[in-house]
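From just these sequences and the hints, can you work out the full model?
2 protein chains.
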Amino acid sequence: MFNKAIQELINHFKKLPGIGEINAQRFVFSVIKKGSDEQKKFGECLLNLDKNINYCPLCQGFSDHDLCEICNNKKRNSQQICVIENVFEIIPMEKTGIYTGVYHVLHGVLSPIDGIKPEDLKIKELLERIKKHSCTEIIFALSTTLEGEATVHYIKNLLPSHIKITHLARGLPTGASLEYADEITLRQALNDRK
Amino acid sequence: MFNKAIQELINHFKKLPGIGEINAQRFVFSVIKKGSDEQKKFGECLLNLDKNINYCPLCQGFSDHDLCEICNNKKRNSQQICVIENVFEIIPMEKTGIYTGVYHVLHGVLSPIDGIKPEDLKIKELLERIKKHSCTEIIFALSTTLEGEATVHYIKNLLPSHIKITHLARGLPTGASLEYADEITLRQALNDRK
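Here the protein sequences come in this chain order: A and B.
Numbering of the first sequence is given in the working numbering, commencing with residue 209 and proceeding in unit increments.
Numbering of the second sequence is given in the working numbering, commencing with residue 209 and proceeding in unit increments.
It cannot be assumed that every hint is accurate.
The list cannot tell twin chains apart, which means a pair is met if one copy fits it or any two copies do.
In silico EDC-like cross-links for lysine to aspartate or glutamate, where the CA-CA straight-line distance does not exceed 16 Å [stated by the list, open to error]:
{"#": "1", "residue 1": "K372", "residue 2": "E345"}
{"#": "2", "residue 1": "K212", "residue 2": "D272"}
{"#": "3", "residue 1": "K325", "residue 2": "E355"}
{"#": "4", "residue 1": "K259", "residue 2": "D274"}
{"#": "5", "residue 1": "K364", "residue 2": "E333"}
{"#": "6", "residue 1": "K303", "residue 2": "E229"}
{"#": "7", "residue 1": "K283", "residue 2": "E302"}
{"#": "8", "residue 1": "K241", "residue 2": "D258"}
{"#": "9", "residue 1": "K364", "residue 2": "E345"}
{"#": "10", "residue 1": "K259", "residue 2": "D272"}
{"#": "11", "residue 1": "K339", "residue 2": "D400"}
{"#": "12", "residue 1": "K259", "residue 2": "E302"}
{"#": "13", "residue 1": "K332", "residue 2": "E293"}
{"#": "14", "residue 1": "K223", "residue 2": "D322"}
{"#": "15", "residue 1": "K249", "residue 2": "E302"}
{"#": "16", "residue 1": "K223", "residue 2": "D245"}
{"#": "17", "residue 1": "K223", "residue 2": "E246"}
{"#": "18", "residue 1": "K212", "residue 2": "D258"}
{"#": "19", "residue 1": "K259", "residue 2": "E216"}
{"#": "20", "residue 1": "K249", "residue 2": "E216"}
{"#": "21", "residue 1": "K212", "residue 2": "E252"}
{"#": "22", "residue 1": "K325", "residue 2": "D258"}
{"#": "23", "residue 1": "K241", "residue 2": "D322"}
{"#": "24", "residue 1": "K242", "residue 2": "D328"}
{"#": "25", "residue 1": "K282", "residue 2": "E357"}
Keep in mind that the hints were calculated from the coordinates and are not lab data.
Note that this is a predicted model, so its numbers are computed, not measured.
Here it is in structure tokens:
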């Protein structure tokens, strides 16, 4: 139906999470309408992405050079580490305005189906960091999915016994109506009532 | 929060239709995970898009070289032209398997808000084509929105009087429940009952 260049771009867009054929076509159409200048800028951005990204050697999040803003901030408590799945989850955590510890980005969760094994995640780096910075608390803030929970379980077993291990609380989201809550969330909210 | 390269890529993804900050971040994250090889291929695809796209001089759809498959097909009725908004709408039309005419892609609809004027659309090309190929029927298959209807109205006034003008029928989609039908669709379905 379409020529090779367009089909190829549709296929690239289709690899993005949650994007199917129809949306991918819509994206290509919108990119075409934007004209060649925009296409070039977008393309160059992708082309140079890898060499423009630096990771913080401590938390494994993005960084401009060496340590990231948060790890470099002396006011943050480096003994309290919040373990998250991906870099972008730092944003909602920081928005709460109440977290004063640091982060550790795993870059994924264990998933046998997708072939993601412990060595694919930044677990070794986490353990080294805990030892080196005499960490006192690990806060797990991974997805509340089967994979997320399996990852928490796996890491827990590797942690030194003196470390305090906590999880983000589970319960009803603010503004939610009971009517739409699933029974697992509700059960958790009932058990953890205070 | 993020470095320049990442923020720039997020901004490019945010320009795609229906994509907000959170989805754009997700896209960037997924692109990063895919590694630099995939990023390069994706980037080059965008970079070379413009020079790899050719348009059919007749229907204004995509084409590999000169006339597109459909315009070049002697079995198609070149006197029956279905006017569509964008190139990708040819796919669902062709999937019906019952349309034997040709297409004309306007590349948008009139929209004063977005600054899209008649000269931005392929209206001139449509009128020339109608004259040259002694067209007998124009089937309007534009969006059933205010903009789509204004475009139909504008073009209708420019068409020679001997041409038969039709629209795709309006009514309930197949498989739809009355319960969820809006009153405008329902009114149309009632008026056009047969």
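How the hints compare with the structure:
1. K372 with E345: within (5 Å within a copy, 76 Å between copies)
2. K212 with D272: Between copies only: 9 Å across, 37 Å inside.
3. K325 with E355: Answer is within: at 11 Å inside a copy they meet the 16 Å cutoff, but 52 Å across does not.
4. K259 with D274: within (14 Å within a copy, 40 Å between copies)
5. K364 with E333: within (15 Å within a copy, 68 Å between copies)
6. K303 with E229: between (35 Å within a copy, 15 Å between copies)
7. K283 with E302: within (14 Å within a copy, 63 Å between copies)
8. K241 with D258: Classified as between: cross-chain Cα gap 10 Å, same-chain 27 Å, threshold 16 Å.
9. K364 with E345: within (12 Å within a copy, 71 Å between copies)
10. K259 with D272: For K259 and D272, the Cα distance is within 16 Å only inside one copy (12 Å; across copies 35 Å).
11. K339 with D400: For K339 and D400, the Cα distance exceeds 16 Å both inside one copy (32 Å) and across copies (75 Å).
12. K259 with E302: Classified as neither; 27 Å inside a copy, 44 Å across copies.
13. K332 with E293: within (15 Å within a copy, 54 Å between copies)
14. K223 with D322: For K223 and D322, only the intra-copy Cα distance (15 Å) is at most 16 Å; the inter-copy one is 30 Å.
15. K249 with E302: neither (30 Å within a copy, 34 Å between copies)
16. K223 with D245: Between copies only: 14 Å across chains, 24 Å inside a chain, cut-off 16 Å.
17. K223 with E246: between (21 Å within a copy, 10 Å between copies)
18. K212 with D258: between (26 Å within a copy, 13 Å between copies)
19. K259 with E216: For K259 and E216, the Cα distance is within 16 Å only across copies (14 Å; inside one copy 24 Å).
20. K249 with E216: between (18 Å within a copy, 9 Å between copies)
21. K212 with E252: Between copies, since 13 Å is at most 16 Å while 20 Å is not.
22. K325 with D258: neither (23 Å within a copy, 41 Å between copies)
23. K241 with D322: Classified as between: cross-chain Cα gap 13 Å, same-chain 36 Å, threshold 16 Å.
24. K242 with D328: Classified as between; 13 Å across copies, 38 Å inside a copy.
25. K282 with E357: neither (32 Å within a copy, 61 Å between copies)
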